[in-house]
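Quick note, the sequence shown lines up with residues 1 to 416 if you use the numbering used here.
Some hints here could point you the wrong way.
[To be verified] EDC-like cross-link-like pairs, simulated, lysine to aspartate or glutamate; straight-line CA separation at most 16 Å:
| no. | residue 1 | residue 2 |
| --- | --- | --- |
| 1 | Lys378 | Glu51 |
| 2 | Lys220 | Glu351 |
| 3 | Lys79 | Glu260 |
| 4 | Lys413 | Glu209 |
| 5 | Lys139 | Glu351 |
[Said to hold, decoys possible] Restraint ranges, calculated between C-beta atoms of paired labels, are given here:
| no. | residue 1 | residue 2 | range |
| --- | --- | --- | --- |
| 6 | Pro189 | Leu399 | 23 to 33 Å |
| 7 | Ala114 | Phe48 | 11 to 21 Å |
| 8 | Thr317 | Gln108 | 30 to 40 Å |
| 9 | Val88 | Gly171 | 26 to 36 Å |
| 10 | Glu51 | Leu391 | 18 to 28 Å |
| 11 | Thr383 | Tyr319 | 18 to 28 Å |
| 12 | Lys11 | Ser264 | 26 to 36 Å |
| 13 | Leu391 | Val174 | 46 to 56 Å |
| 14 | Leu281 | Ala71 | 44 to 54 Å |
| 15 | Tyr319 | Thr198 | 31 to 41 Å |
| 16 | Leu315 | Lys412 | 31 to 41 Å |
No lab work stands behind these hints: they were computed from the structure.
Using N, Cα and C, we set each Cβ at its ideal position, and we do this for glycine too.
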Amino acid sequence: MRKITFKQDGKIYYGWWQVLVGFLLMSFAYVGFISVTSVFVLPVTAEFACERSEFMLYSTILCLVSVVAAAFMGKRMAKGNIKLIMLVNALIAGVGYFGFSRSNSLWQIYVFAAILGIPFTCLTTMPISILLNNWFGGKIKGTAMGLAFLGSGVGGMVLTPALNYVNTTFGWRVGYLTLAAIFVFFLAPIILLLVVKTPAEKGQTRVGETASESNTTEAKGMYINDAKKSPMLWLTSLAIFIAVVGSSGILANSVAFFVECNFSATTAASVAGLMLGSLTLGKPLVGMVCDKFGVQKGSILSFSTFSLCFFSLFLMTQYKMLVVLVILFYAFGCAAVTICPPLLTSYLFGEKDYGAIIGIFTMATNIGGAFGGTVAAKIFDMTGSYGSFWLVSGVCIALSVILCLISFKIRKKYHY
1 MRKITFKQDG
11 KIYYGWWQVL
21 VGFLLMSFAY
31 VGFISVTSVF
41 VLPVTAEFAC
51 ERSEFMLYST
61 ILCLVSVVAA
71 AFMGKRMAKG
81 NIKLIMLVNA
91 LIAGVGYFGF
101 SRSNSLWQIY
111 VFAAILGIPF
121 TCLTTMPISI
131 LLNNWFGGKI
141 KGTAMGLAFL
151 GSGVGGMVLT
161 PALNYVNTTF
171 GWRVGYLTLA
181 AIFVFFLAPI
191 ILLLVVKTPA
201 EKGQTRVGET
211 ASESNTTEAK
221 GMYINDAKKS
231 PMLWLTSLAI
241 FIAVVGSSGI
251 LANSVAFFVE
261 CNFSATTAAS
271 VAGLMLGSLT
281 LGKPLVGMVC
291 DKFGVQKGSI
301 LSFSTFSLCF
311 FSLFLMTQYK
321 MLVVLVILFY
331 AFGCAAVTIC
341 PPLLTSYLFG
351 EKDYGAIIGI
361 FTMATNIGGA
371 FGGTVAAKIF
381 DMTGSYGSFW
391 LVSGVCIALS
401 VILCLISFKI
411 RKKYHY
């Protein structure tokens with residue numbers, strides 16, 4: 001394991017505060033946008049008398065808007081005032097979830113979902129990746145990313161059962177009001193107080209740089225236009241897209257699926273929370289593997305394990321005890337969605353145009369998120385089971401491993 005530096009020149013290294021910001025944003029913003037969707041599926045569809053796929057269409061709208069936002073915001077965040085962008089979007093998210101709480105029909109949910117698509121891009125993986133790439137070099141970047149992104153596990157473990165309790169006790173509208181309050185009264189002040197874009201603003205220098213990073217004053221790698229001409233960008237984007245389709249299918253439908261497996265609603269929410277909580281172990285471990293053994297081995301481990309998670313889900317309706325394997329494989333596999341894209345960005349393309357290229361991968365992530373939950377719900381509406389979705393996802397994610405291997409082979413011809 002690489003030596004981790006907590007101080008610089010006798011002071012606490014301020015990059016670790018950025019890790020904390022990332023952790024809190026993943027715990028509450030990312031979880032709020034994506035991970036807790038499943039606890040709203042049953043109460044909202046019951047009140048509006050609609051199918052699950054009709055409700056889940058809001059997630060598709062949210063993610064599609066976020067794709068457009070990612071196309072513009074990656075470079076703007078990397079070059080501009082990232083703190084101001086994040087702060088404004090925390091307030092917009094609060095407005096969006098307040099709108100959810102006051103909605104009386106699905107079309108109103110859809111309108112506010114479109115609004116929420118912008119802060120989803122500007123408050124989660126993309127700004128966190130940019131901040132941590134600014135503060136940490138290749139020797140410990142994976143560890144820093146892993147610690148920040150494990151917030152989605154901690155937040156999911158806490159918020160999923162908590163919001164399920166709020167929904168069952170006070171109603172789903174209060175659940176959405178709770179999310180609005182989290183963005184406005186908790187996350188916005190955190191961003192205002194703690195976000196600092198670069199070490200230079202605190203009179204510090206980036207830690208954990210590799211020899212190649214330390215021995216140059218100019219960032220190495222590809223510009224975005226050159227990256228677009230390389231098969232690496234599109235093969236890796238496809239691999240990420242496939243993984244996120246499966247991931248969003250789980251996140252949006254996990255509670256409903258566990259109920260289908262004959263768990264009570266309360267137990268199903270607790271199991272879903274435990275599954276998300278398992279990321280607190282898996283994400284830092286995958287990050288450390290990437291630091292110690294390389295991004296290639298770490299990402300292949302993550303994608304492969306995620307494939308096994310879906311095969312276990314497929315068998316779980318017949319063998320309930322496989323929930324243990326689902327949680328175990330999910331712990332290490334879901335890192336393919338959050339930790340691997342920013343690390344693959346710097347490994348495959350360098351840091352010359354990091355913001356723009358991570359923006360492309362964020363678009364791939366958000367496109368996958370736009371369809372996974374809705375497609376899984378539609379399959380349930382048509383067949384009465386999620387089984388075929390789990391099986392196809394498992395096969396496709398296994399194929400994504402091959403896409404990554406091809407990208408790594410192409411990478412060898414570049415020298416940076």
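Here is how each hint holds up against the structure:
| no. | hint | verdict |
| --- | --- | --- |
| 1 | Lys378 / Glu51 | holds, 8 Å |
| 2 | Lys220 / Glu351 | holds, 6 Å |
| 3 | Lys79 / Glu260 | violated, 48 Å |
| 4 | Lys413 / Glu209 | violated, 23 Å |
| 5 | Lys139 / Glu351 | holds, 14 Å |
| 6 | Pro189 / Leu399: 23 to 33 Å | violated, 44 Å |
| 7 | Ala114 / Phe48: 11 to 21 Å | holds, 18 Å |
| 8 | Thr317 / Gln108: 30 to 40 Å | holds, 35 Å |
| 9 | Val88 / Gly171: 26 to 36 Å | holds, 30 Å |
| 10 | Glu51 / Leu391: 18 to 28 Å | holds, 22 Å |
| 11 | Thr383 / Tyr319: 18 to 28 Å | holds, 19 Å |
| 12 | Lys11 / Ser264: 26 to 36 Å | violated, 51 Å |
| 13 | Leu391 / Val174: 46 to 56 Å | violated, 37 Å |
| 14 | Leu281 / Ala71: 44 to 54 Å | violated, 34 Å |
| 15 | Tyr319 / Thr198: 31 to 41 Å | violated, 51 Å |
| 16 | Leu315 / Lys412: 31 to 41 Å | holds, 38 Å |
This entry does not satisfy hints 3, 4, 6, 12, 13, 14 and 15, going by the numbered hints stated previously.
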